[in-house]
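Letter by letter, the chains look like this.
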Amino acid sequence: MNPTLPLSLILAYVAVLAALGSAVGALATGRLPGAKGLMFLLLGASGAAAVAAGLTALASAPAGGELPLGLPWLPWHVRLDALAGFFLMVVGVVVLAVAVYGPGYVRDFEHGQDPLSVLGAFTGLFVAGMLLVVLADDAFLFMVAWELMSLSSYFLVVYQHEQAANRRAAFLYLLMAHIGALSILLGYGVLAAFGGGFAFEAMRGAALSPLWASVAFGLAFVGFGMKAGLVPMHAWLPEAHPAAPSHISALMSGVMLKVAVYGFIRFTFDLIGQIQWQWGVVVLIIGSISALMGVLYALMQHDLKRLLAYHSVENIGIIFIGLGLGLIFLATGHPVAGVLGLIAALYHTLNHALFKSLLFLGAGAILHATHERDLERMGGLLRRMPWTGFYFLIGCISISALPPFNGFVSEWLTFQTALQSWQLSGGVLRSLIPVAAAMLALTGALAAACFVKVYGVAFLGQARSRRVRRARPVTFGMRSAQGFLALLCLLAGIFPTSLLQWLNAVPEQLLGRGLSAATAHGWLWLTPVAPEMASYSAPIVLLALVLLWWLSALVLRRGRVRQVRRCDPWDCGFTDGLPTARMQYTATAFAQPIRRVFGLLFHVDEKVEREAGGMRHQLHVGDRAWELFYVPVAQRIQALSRRVTRLQRGNVRVYLGWSLGTLLVLLWLIS
Amino acid sequence: MTANAWLLVLLQSVLFLLGAPLLVAWVRRVKARLQNRRGAAWSQPYRDLYKLFGKETLVAHTASGVFRAAPYIVFASTLLACTVVPLITVRLPSAAVADVIVLVGFLALGRFFLALAGMDVGTAFGGMGSSREMLISALAEPAMLLAVFTLAMTAHSTNLASVIDHQLASGLILRPSYLFALMGLVLVAVAETGRIPIDNPTTHLELTMIHEAMILEYSGRHLALMEWAAQLKLMLYGVLIVNVFLPWGIGTQLTLPALASGLLFVIGKLLLLGVILAVAETGLAKMRLFRAPAFLNLALLLALLGLLSNVILEAGA
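In the order they appear, the protein sequences are chains L and U. With our numbering as the guide, the letters of the first sequence map in order to residues 1 to 671. With our numbering as the guide, the letters of the second sequence map in order to residues 1 to 317.
Be a bit skeptical, because a hint or two may be false.
Residues from chain L shown here face chain U by an in silico Cβ test under 8 Å; the list is partial [said to hold, decoys possible]: (1) Leu-7; (2) Ala-59; (3) Arg-383; (4) Leu-402; (5) Phe-415; (6) Leu-419; (7) Arg-430; (8) Leu-442; (9) Tyr-536; (10) Trp-549; (11) Ala-553; (12) Cys-567; (13) Asp-568; (14) Ala-581; (15) Pro-593.
If you want the ones that stay clear, here's a sample from chain U, every Cβ over 10 Å from chain L, calculated [what the hints assert, rightly or not]: (16) Leu-7; (17) Gln-35; (18) Ala-60; (19) Gly-105; (20) Arg-132; (21) Met-183; (22) Thr-193; (23) Thr-203; (24) Leu-256; (25) Leu-259; (26) Ile-267.
To be clear, the hints were calculated from the coordinates, so they are not data collected in a lab. Ideal Cβ positions, reconstructed from N, Cα and C, are used throughout, including at glycine.
Please build the complete structure, drawing on both the sequences and the hints.
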């Protein structure tokens, strides 16, 4: 390699090698003492190096290089620009937290029947795959890394393979990941055919006709959208993410979906280049539907990890709303608003990585302490696991987009982008964007309702089962990983302007212009377009909130009666005992009014049966996407394969005849 | 100038704090007169608050720290929301700290903790109240955002002071979009402040209450804070309606006469709004819970109609 390798690339190589090293180290677990520690140490080093590489890349010019690997005529190209750097940073932060969290969490598996070495090895490969996808600068390395990421995560999903549901989820995941990969490959094929090479540099120069550009865009959107979990291609996501061990769920939901977002941005904004506004409309519509359907289905779940997985669909939808707005504005010649949309999407990408990993790690802590995933059996966990409860609350506030935490900032930026739609000239576009904004607003409000449900049922109230009553706090490492992410959520919420200054490098390198006005008024003020249009000062808001809290507490403490007396809750005057845990509202009961209002969108299967000694109520809420999109396709394929079986005669002469025929046709084709 | 302006923010907060119970007293009194009752004295809400502040505070054994923190967060976030809405003058420096989307966010933050507090004790009522409140707000919040977006699209700003400035500068134009947005916002305000026909602030009937169910377990100073926050919220929505949609009379300079006239005008407008609210509450009956979504969907549709008529008919004008 050349001696003047830039610092950012060196760090990125270190990150990839450390992740691979962690995979190798994992193979020794169970044989050598200390191998487990080494495995997580290397994983943490990989995360830290990736963060350092990302930050360096955001602050410097793009750096490229070639690896002495690959095909003879096509060496692997790597390139680290601001966009790749940003995503490296996102991956690194979550990997770092997972590496701190992991040692405590995998203790459960050490004495189980599934070897820890498998889990560790595939985790290392998975992280290395994600890092390489971001670094790749040609389609060949990109697809190899993409497959590495998909396949290793398949093995992570199927890790606890004793349960049939996990095997089924993993197979569905594998199937859809490969349909997606095929679509991406075809998309690259279009670009490579016109650009005359598999390197991204050649693809950037491809002169595409509008039709072929749209074809490439469509293929990429389907492929990356499938991996990102956009509706209706999301069906694998709520099955696969909960099946994996929780720290892997955090990686999959927090980071792997983001790698798909990266792929989409790289493909559309960078490689195709000439954007058409119709693409933005498609992305905006699909994004809005994903956001709304994701949160509605999340509300209906009572399995905590499944619920979080559906929230990933919602948040990916919000990210794609931002991207769609960006595409529309860029294509119609409004660069400021377009850059704002891209920035909003990137900001939400970072935020979602932070708070969704935090929430999955919290769900993992609950699972570790109680072996429960079902919300209906939880309750009162805040008193038993106070730190996890506190960090989980921060995660809930962040994902519900409440000020002054980070989720609010990115939704605010997305709204600000949507409010620029008065600049557009077409009446259709101008009326479409407000409708999308309305769906985003509805999504945000429903997400708050969902997380009131989650937190209220799991952490507040009284324990609903014996195992939850006996929950103990988790290890220090697990707690500190959650605390680290919670702190980052708060910081990203309070200092959006400083963060935007870093983020600005992405559109500057990608589109040739940044968002200079947003950060023009110092770290205190966030002014996306101009100060008289909109401004937000998160530090002042936090300060005012704390000050008002403190003042009101101070004044009240001086009141006539200072002491707080503990008493029994109000029991409506019944004399035989206090309200029991069974009288509490359950998660299903909490969501019942919303299920009733939005009933048409769900596949509700509700039965009441009379049994000896009482009634039995059954409720199952299914995903409508199955009956609308998947079952018909599966039926078609089955019918088609039934037709193909006619070839199967069991007579060897017929088969030989088919072989000869195929050979002849192929010979005729190539001659 | 700036120091004075920030003093004005302080003054406005005090006006909100003192005025909110008075507005409630006014609505109650007009309502009582309409129902041929004499009604309580003007000072009754103040006396209630004073009484509650002096009483012993009870907290259930099953409650956690969230229950004790919630009143302070609800109160602080509501008061903070009040400080960014121009009350007597447009020249309000705090309007730049938080625009109207952040304002909606403050209210959502308070509601989030209010609903959590309802679930904290672990009784059926609290959960019921929280569940219903989150349903209502999930439908009301987008309607409110759309209504304010209509204003923001016209004024090309989400800063409330700029929106009002734009309104004053463009004079009295009857825009269809404003009318729709105003109607939507009024419906949202009724739902969010827990008035008839969505919720009844005076009921403690188990099956119908929403807001009261969530704060059923509160007592003493905690209850006082919750009650005060609810009163602040009523006044906040009132000021939002009268000052943003009908801003005439609001002070545009930082001079004493301008401020005084701004104060007089806003008092007059709020009193009038109180009368309308009392009349509506006397004439209407409370709806069943599952009729409320239809009411709120109407609000959402009106607000969306406002926004669409703005972008289609009026944009560029």
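Evaluated hints:
no.: 1; hint: Leu-7; result: 39 Å, violated
no.: 2; hint: Ala-59; result: 30 Å, violated
no.: 3; hint: Arg-383; result: 6 Å, holds
no.: 4; hint: Leu-402; result: 4 Å, holds
no.: 5; hint: Phe-415; result: 6 Å, holds
no.: 6; hint: Leu-419; result: 5 Å, holds
no.: 7; hint: Arg-430; result: 4 Å, holds
no.: 8; hint: Leu-442; result: 4 Å, holds
no.: 9; hint: Tyr-536; result: 6 Å, holds
no.: 10; hint: Trp-549; result: 5 Å, holds
no.: 11; hint: Ala-553; result: 6 Å, holds
no.: 12; hint: Cys-567; result: 5 Å, holds
no.: 13; hint: Asp-568; result: 6 Å, holds
no.: 14; hint: Ala-581; result: 7 Å, holds
no.: 15; hint: Pro-593; result: 4 Å, holds
no.: 16; hint: Leu-7; result: 15 Å, holds
no.: 17; hint: Gln-35; result: 29 Å, holds
no.: 18; hint: Ala-60; result: 4 Å, violated
no.: 19; hint: Gly-105; result: 4 Å, violated
no.: 20; hint: Arg-132; result: 6 Å, violated
no.: 21; hint: Met-183; result: 16 Å, holds
no.: 22; hint: Thr-193; result: 17 Å, holds
no.: 23; hint: Thr-203; result: 16 Å, holds
no.: 24; hint: Leu-256; result: 26 Å, holds
no.: 25; hint: Leu-259; result: 23 Å, holds
no.: 26; hint: Ile-267; result: 25 Å, holds
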